[in-house]
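Q: So the chains spell out like this:
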Amino acid sequence: MPTFSLVHLEFLLTAAQWTIGLSIAAFVGGGLVGFVVALARISDLRVLRIAATVYIQLVQGTPLLILLFAIYFGIALLGYTNLPPLIAASAGLIIYSSGFLAEIWRGCIDSVPKTQWQAAECLALTRWQRMVKVILPQAARIATAPTVGFLVQIVKNTSLASVVGFVELAQAGKLINNSIYEPFTVFMIVALIYFAICFPLSTWSRSLERKLNVGRR
Amino acid sequence: MVRAGSSGLSPSTSRRSATPLLVQVFIIYFGIATLGLHVSANLAAVIALVINVGAYTCEIVRAGIESVHKSQIEAAECLGLSRVQTYWHVVLRPAIERVYPAVTSQYVLLMLASSITSQISAEELTAVANRIQSDTFRAFETYIVTGVLYLLLSLVVRICLWLFGLAVFVRRRKLGTAI
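Taken in sequence, the protein lines are chains A and B.
To convert a position in the first sequence, counted from 1, into the working numbering, add 2.
To convert a position in the second sequence, counted from 1, into the working numbering, add 6.
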């Protein structure tokens, strides 16, 4: 019976790179979609507002696991049977993170004081100028800490990509455990690697929060 | 007055644990097995979820307690309230009232996260969906229906917690603050 060795550790570290890659894909893609949804959520058009709200509620009301399954098998249903798990996994994570990021950012845009909107209007700025030059820079300041915090969520949720057969950190741990059956060692090391990725991020988020001191305005 | 929804309650503070629930579930399920104890998958799942949501709720309530203003405690002292009274009436209850919305969403997330325990074959909605899927090969339909069920469930959980909040936080209702 083989025991846990350097080869396994190397395999885990390679898989950790995939976890990081998947997180980046999910964050960038989800950020783009989420930004558009957040803007739609506060738009003056009723239809857009309702559509964005429905989208956010749908994404936040179903587990990521089901989302991943539905996408993986849904795309296969459309005829693309040889879909690489990477595509399905990132599509699911992008939808998931866009739903949450949209709501976080909507909250941040809303928490820019009303007087700022009114002042921009008094200066006769156009809607575009008001958004880009007045509201968004302030909202971005408020949004930084929660966004970095959500990044931690994304990294952790990439572990669910294993259900569509994508070999990332959690799946690699499961594979190694299947071959050597040392669950405690293997999953503790997996947990440690996740910790090594997530802890600096959440510490960063906390220090950003303190530095920008958003809470006490 | 510190607003609810300020820094203490932002997603960054309320969701802080550095390992995925999936890995926690694996560690608990397989870990207990290596200790020589036999636990059913369902029990291991419940233990993992309790630990997980316990940590999150603890963080949320801590944020709530920290958001109680110092002057409130000083005022309570001036009124001659005992330490216990101060803690219960001035610190803890308002703090919980304030973070109740955050706790609510955490519990909805917990309900959704329970789907993860299907990975150690605990008998819940997703695990059943997986079984139906492998019986019928109608994967897409199965998971769409499951998704709708989860949506309804999260709605039900929200409504229940909201009603619970209305019943428990009478003072807040009188003040007219939304729960």
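These are calculated hints, taken from the structure and not from any lab test.
Idealized CB from N, CA, C, for every residue including glycine.
Keep in mind that a hint or two might mislead.
Each computed SDA-like pair below joins lysine to any residue, with the alpha-carbon atoms no more than 25 angstroms apart [what the hints assert, rightly or not]: (1) A:K176 to B:V67; (2) A:K176 to B:H75; (3) A:K213 to B:V134; (4) A:K135 to A:F37; (5) A:K213 to B:N48; (6) A:K176 to B:E65; (7) A:K135 to A:Q19; (8) A:K176 to B:V59; (9) A:K135 to A:C124; (10) A:K176 to B:G37; (11) A:K213 to B:I53; (12) A:K176 to A:R51; (13) A:K135 to A:Q118; (14) A:K213 to B:G37; (15) A:K213 to A:D112; (16) B:K76 to B:V59.
Rough simulated footprint, nothing fancy, chain B against chain A, three-plus residues with beta-carbon under 8 angstroms [claimed, not checked]: (17) 10 to 17; (18) 24 to 36; (19) 63 to 72; (20) 186 to 192; (21) 200 to 212.
Q: Taking the hints in turn, state whether each one holds.
A: Right, here's what the structure says about each hint:
1. A:K176 to B:V67: violated, 35 angstroms
2. A:K176 to B:H75: Cα-Cα ~48 angstroms, so violated.
3. A:K213 to B:V134: violated, 47 angstroms
4. A:K135 to A:F37: Holds, because 16 angstroms separates the two Cα atoms, which is no more than 25 angstroms.
5. A:K213 to B:N48: Distance ~43 angstroms between K213 (chain A) and N48 (chain B) Cα, so the pair is violated.
6. A:K176 to B:E65: With Cα atoms ~30 angstroms apart, K176 (chain A) and E65 (chain B) exceed 25 angstroms; violated.
7. A:K135 to A:Q19: violated, 37 angstroms
8. A:K176 to B:V59: Holds, because 24 angstroms separates the two Cα atoms, which is no more than 25 angstroms.
9. A:K135 to A:C124: Distance of about 14 angstroms is within 25 angstroms: holds.
10. A:K176 to B:G37: holds, 13 angstroms
11. A:K213 to B:I53: With a Cα-Cα distance of about 37 angstroms, the restraint between K213 (chain A) and I53 (chain B) is violated, given a limit of 25 angstroms.
12. A:K176 to A:R51: Violated - the C-alpha atoms of R51 (chain A) and K176 (chain A) are around 43 angstroms apart, more than 25 angstroms.
13. A:K135 to A:Q118: Distance ~11 angstroms between K135 (chain A) and Q118 (chain A) Cα, so the pair holds.
14. A:K213 to B:G37: Distance ~40 angstroms between K213 (chain A) and G37 (chain B) Cα, so the pair is violated.
15. A:K213 to A:D112: holds, 21 angstroms
16. B:K76 to B:V59: It is violated: about 29 angstroms lies between the C-alpha atoms, which goes past 25 angstroms.
17. 10 to 17: violated (count 0)
18. 24 to 36: violated (count 0)
19. 63 to 72: Check passed, 9 qualifying residues.
20. 186 to 192: As far as the segment 186 to 192 of chain A goes, the hint holds, because 4 residues have Cβ atoms under 8 angstroms from chain B.
21. 200 to 212: Contact hint for the segment 200 to 212 of chain A vs chain B: holds, 6 residues under 8 angstroms.
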